[in-house]
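Chain A is already provided as a structure; the job is to place chain B on it using the hints.
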Amino acid sequence: MAAIFQGVGAAATLSSSPSNSFVPKKFLTSPRRSFCVPSSVVVRSDGSVNFDLNSKSRRAQQLVANAVATKADSSAASSSSNPGHELLLFEALREGLEEEMERDPCVCVMGEDVGHYGGSYKVTKDLAKKFGDLRVLDTPIAENSFTGMGIGAAMTGLRPVVEGMNMGFLLLAFNQISNNCGMLHYTSGGQFTIPIVIRGPGGVGRQLGAEHSQRLESYFQSIPGIQMVACSTPYNAKGLMKAAIRSENPVILFEHVLLYNLKERIPDEDYICNLEEAEMVRPGEHVTILTYSRMRYHVMQAAKTLVNKGYDPEVIDIRSLKPFDLYTIGNSVKKTHRVLIVEECMRTGGIGASLTAAITENFNDYLDAPIMCLSSQDVPTPYAGTLEEWTVVQPAQIVTAVEQLCQ
Amino acid sequence: MGRMGFSPKHACLTDEKDPNRQKITNLTSCLLVSCQLNLHCEVRPPFSSKFPLPFFPSLPIGTKATKMSTAFSAANFSTQSFPLNHTSTTSHDSPLVFAKPTSQFLRSTRKLRLSSSSKLNLNRRSGTVVAVSDVVKQKKSKSTPTLLITKEEGLELYEDMVLGRAFEDMCAQMYYRGKMFGFVHLYNGQEAVSTGFIKLLKQQDSVVSTYRDHVHALSKGVPARAVMSELFGKTTGCCRGQGGSMHMFSREHNLLGGFAFIGEGIPVATGAAFTSKYKREVLKEADCDHVTLAFFGDGTCNNGQFFECLNMAALWKLPIVFVVENNLWAIGMSHLRSTSDPQIYKKGPAFGMPGIHVDGMDVLKVREVAKEAIGRARRGEGPTLVECETYRFRGHSLADPDELRDPAEKAHYAARDPITALKKYLTENNLASDAELKAIDKKIDEVVEDAVEFADESPVPPRSQLLENVFADPKGFGIGPDGRYRCEDPKFTEGTAHV
Numbered sequence: 006m007a008a009i010f011q012g013v014g015a016a017a018t019l020s021s022s023p024s025n026s027f028v029p030k031k032f033l034t035s036p037r038r039s040f041c042v043p044s045s046v047v048v049r050s051d052g053s054v055n056f057d058l059n060s061k062s063r064r065a066q067q068l069v070a071n072a073v074a075t076k077a078d079s080s081a082a083s084s085s086s087n088p089g090h091e092l093l094l095f096e097a098l099r100e101g102l103e104e105e106m107e108r109d110p111c112v113c114v115m116g117e118d119v120g121h122y123g124g125s126y127k128v129t130k131d132l133a134k135k136f137g138d139l140r141v142l143d144t145p146i147a148e149n150s151f152t153g154m155g156i157g158a159a160m161t162g163l164r165p166v167v168e169g170m171n172m173g174f175l176l177l178a179f180n181q182i183s184n185n186c187g188m189l190h191y192t193s194g195g196q197f198t199i200p201i202v203i204r205g206p207g208g209v210g211r212q213l214g215a216e217h218s219q220r221l222e223s224y225f226q227s228i229p230g231i232q233m234v235a236c237s238t239p240y241n242a243k244g245l246m247k248a249a250i251r252s253e254n255p256v257i258l259f260e261h262v263l264l265y266n267l268k269e270r271i272p273d274e275d276y277i278c279n280l281e282e283a284e285m286v287r288p289g290e291h292v293t294i295l296t297y298s299r300m301r302y303h304v305m306q307a308a309k310t311l312v313n314k315g316y317d318p319e320v321i322d323i324r325s326l327k328p329f330d331l332y333t334i335g336n337s338v339k340k341t342h343r344v345l346i347v348e349e350c351m352r353t354g355g356i357g358a359s360l361t362a363a364i365t366e367n368f369n370d371y372l373d374a375p376i377m378c379l380s381s382q383d384v385p386t387p388y389a390g391t392l393e394e395w396t397v398v399q400p401a402q403i404v405t406a407v408e409q410l411c412q
Numbered sequence: 398m399g400r401m402g403f404s405p406k407h408a409c410l411t412d413e414k415d416p417n418r419q420k421i422t423n424l425t426s427c428l429l430v431s432c433q434l435n436l437h438c439e440v441r442p443p444f445s446s447k448f449p450l451p452f453f454p455s456l457p458i459g460t461k462a463t464k465m466s467t468a469f470s471a472a473n474f475s476t477q478s479f480p481l482n483h484t485s486t487t488s489h490d491s492p493l494v495f496a497k498p499t500s501q502f503l504r505s506t507r508k509l510r511l512s513s514s515s516k517l518n519l520n521r522r523s524g525t526v527v528a529v530s531d532v533v534k535q536k537k538s539k540s541t542p543t544l545l546i547t548k549e550e551g552l553e554l555y556e557d558m559v560l561g562r563a564f565e566d567m568c569a570q571m572y573y574r575g576k577m578f579g580f581v582h583l584y585n586g587q588e589a590v591s592t593g594f595i596k597l598l599k600q601q602d603s604v605v606s607t608y609r610d611h612v613h614a615l616s617k618g619v620p621a622r623a624v625m626s627e628l629f630g631k632t633t634g635c636c637r638g639q640g641g642s643m644h645m646f647s648r649e650h651n652l653l654g655g656f657a658f659i660g661e662g663i664p665v666a667t668g669a670a671f672t673s674k675y676k677r678e679v680l681k682e683a684d685c686d687h688v689t690l691a692f693f694g695d696g697t698c699n700n701g702q703f704f705e706c707l708n709m710a711a712l713w714k715l716p717i718v719f720v721v722e723n724n725l726w727a728i729g730m731s732h733l734r735s736t737s738d739p740q741i742y743k744k745g746p747a748f749g750m751p752g753i754h755v756d757g758m759d760v761l762k763v764r765e766v767a768k769e770a771i772g773r774a775r776r777g778e779g780p781t782l783v784e785c786e787t788y789r790f791r792g793h794s795l796a797d798p799d800e801l802r803d804p805a806e807k808a809h810y811a812a813r814d815p816i817t818a819l820k821k822y823l824t825e826n827n828l829a830s831d832a833e834l835k836a837i838d839k840k841i842d843e844v845v846e847d848a849v850e851f852a853d854e855s856p857v858p859p860r861s862q863l864l865e866n867v868f869a870d871p872k873g874f875g876i877g878p879d880g881r882y883r884c885e886d887p888k889f890t891e892g893t894a895h896v
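Here the protein sequences come in this chain order: A and B. Quick note on numbering: the working numbering labels position 296 of the first sequence as 301, and the sequence is numbered without any gaps. Quick note on numbering: the working numbering labels position 448 of the second sequence as 845, and the sequence is numbered without any gaps.
Pulled out of the complex, with its shape left as it was, chain A reads as follows (with noise of 0.2 Å):
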């Protein structure tokens, strides 16, 4: 397991312009990995960026405006009643985690890393002091034995967290979370419910390389029996973590890389988000845009470019990755009848191909063109900055896309 890097590159994602890239102020190196100490540059998830300390990417500041054209998404319900309190993701993924814990003593972390040195991430930083080296056990590096044992875990009673310290770390867990995670609830005739929360960063960082740079929602999705959510804002991860925990389900929470350290204002007061349920992010009339994790904010990024050319995409953040929530997207494809898919996945086999299918199979009368589906080249990603913005789906493509449906 190479160098891993903490999310820092957050804030160079939002703007396209590739000469913005952000220097880190500090870089230590370990022996086993390096990681990036989260500087002090925060994003706001509504696109303004704020820097307070480092100067030399103030530029961006003025390249980024609000890309919410109107105050109607959900997670602004969180400043709306009472003050509540500013965090980053990792953060809110924390407490979201820290408060099930305290709330049901059987609920426990295992993952590599996760209990002295806090997490790779810094996700479950503390807990192991709060709580006890058990309740947040550091394992050896065996993932497929580890989540193994969380599945055992699960069937007897505790509700385990496991943390692949990188999604694509969880391949090697494959066999344990398809054959037992999966479908040992249907093999046993139902007598065994697996309420266990399988979580980690994947997505394309910042040129970390082509297997620190997976996708796995493409490769778990036809694993009976899961369920697989995509956070993307602090509030909705806290919401998210909080509701896979409780369900009794096994559920896989996919978190990215690059979005750790968005910081928004979330709800002092307990709250969960419907695992699922998608979330609307910025109604309009013209397209449905359907996307998940971070190409959320290309696509709001390119939501201010189109809203400048005239145009009202309704862009909806799906959440829910297994199984779709067709009701929001129909009411959506019924309202608008054109859909462009934005996903991080690859073009073969991703979900925006899953959603695709199951769009045309639904909604075919209501659709006035094709669904249009943007994902990743089907390239293993490289480490040159240049290409592997051209692997994912930029900002502008999105734009050319909407144009070219909306005509």
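Calculated directly from the structure, the hints in this document are not laboratory data. Treat the hints with care, since some could be wrong.
[Stated by the list, open to error] Calculated lysine-lysine pairs in the BS3-like style (CA-CA distance at most 30 Å, straight line):
no., chain 1, residue 1, chain 2, residue 2
1, B, 714, B, 599
2, B, 676, A, 127
3, B, 888, A, 339
4, B, 714, A, 130
5, A, 135, B, 714
6, A, 130, B, 681
7, B, 674, B, 768
8, B, 835, B, 768
9, B, 548, B, 576
Relative to the frame of chain A, chain B by itself:
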């Protein structure tokens, strides 16, 4: 049958000139110490031991070592192995007896080696371990022999093994009559392992098995009716017909499966043991001493999951016993052809846990070892690796023509049938009469017949069962286009909805 080429040179570790022998002796003495074995053995071997026991209690190391170095073909295995000129069906082992551990488990085997000579009264100078049997013989002459089991226990063990055997034989019949399909793996010949271990467990203890799980299910207490229905694919089966032969589960009896891929169940067993430790230490259920047994075969011992779990179990001292049912064959792959070091029990100390080898055709020996291993786990001392030398009388599965194995080898083990051996022990020691044992045989026949009848008469699963139990919370099927959860759709409950 005749002599099978047994030569004392192979059987005894008396050849001090042979450096291999020397090494093995040292190794086994390390093993001894790592097992914290106290050698004032008061138990006599269950079967006739009028002949000297030249082997070290744990393993006929001499023979296997010879095998390893000379022939890599399993076909040769049987010819030199065991003293078949003896009439008894005994094994060459004497049971391992563990004293109560007087010290903490020692971390470094190197330390053990140094301190071992002071701890044990073993004459190891000549490299011979014949001294062990001498000690045993001396003790035997002084004290009156005590039996290993009571009458009730004996009958319980006998009944359980006969149930396993009769059930599996019936499975074969039913399979060839077209009542069950797919892959069916029978356990004939290995009953001693299942009975020896599982009969010592409480209901709350967990068992994890492999695809050869019918008898583990029966020993754990799952009714024969439920298992047979499951095999027939009926809705009254223990898994509602959804699991089949290779996926036996029972929440009530804590049978955690039934896994088709080898090695897959070992992490699950580790997880169950983790829960037990968690309950004791985090949830403060101080009396929680649930033990988990993981059964798997020799082929699995070359799989990564095995080693990863040995590491984790030893690291956290989980209450688990890893039971290797070494029947020497993984379908058609001989253990000796696939494993660099065929002595699986040696892999235990490499991870910091005791590794024991026991004769798996002898239910009483297995039981003695199991008592100690399970006791260790219950006391919180950590895991144990137990290698049971056993044999399956039938092929790997009912589809296996079983042509590779040497008939001589099969015959050799058939002569060591665990049920026959226990029967002999019970009758010879006046624990049970022939009539009582025959009555048990008859009773079991009736149980199995009844199970078949029950399974035959049970209904097949209706279509509505198709989509049940995919999710514990069926909301996991998501929200349909009409805004309602898919699971509320009536077509869903009928099983005709497309998900």
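Consistency of the hints with the structure:
1. B:714 with B:599: holds, 20 Å
2. B:676 with A:127: holds, 27 Å
3. B:888 with A:339: It holds: about 24 Å lies between the C-alpha atoms, which stays within 30 Å.
4. B:714 with A:130: holds, 26 Å
5. A:135 with B:714: holds, 22 Å
6. A:130 with B:681: The given pair, whose Cα atoms are some 25 Å apart, holds under the 30 Å limit.
7. B:674 with B:768: Cα-Cα ~20 Å, so holds.
8. B:835 with B:768: Holds. Residue 835 (chain B) to residue 768 (chain B) sits at ~28 Å (cutoff 30 Å).
9. B:548 with B:576: violated, 38 Å
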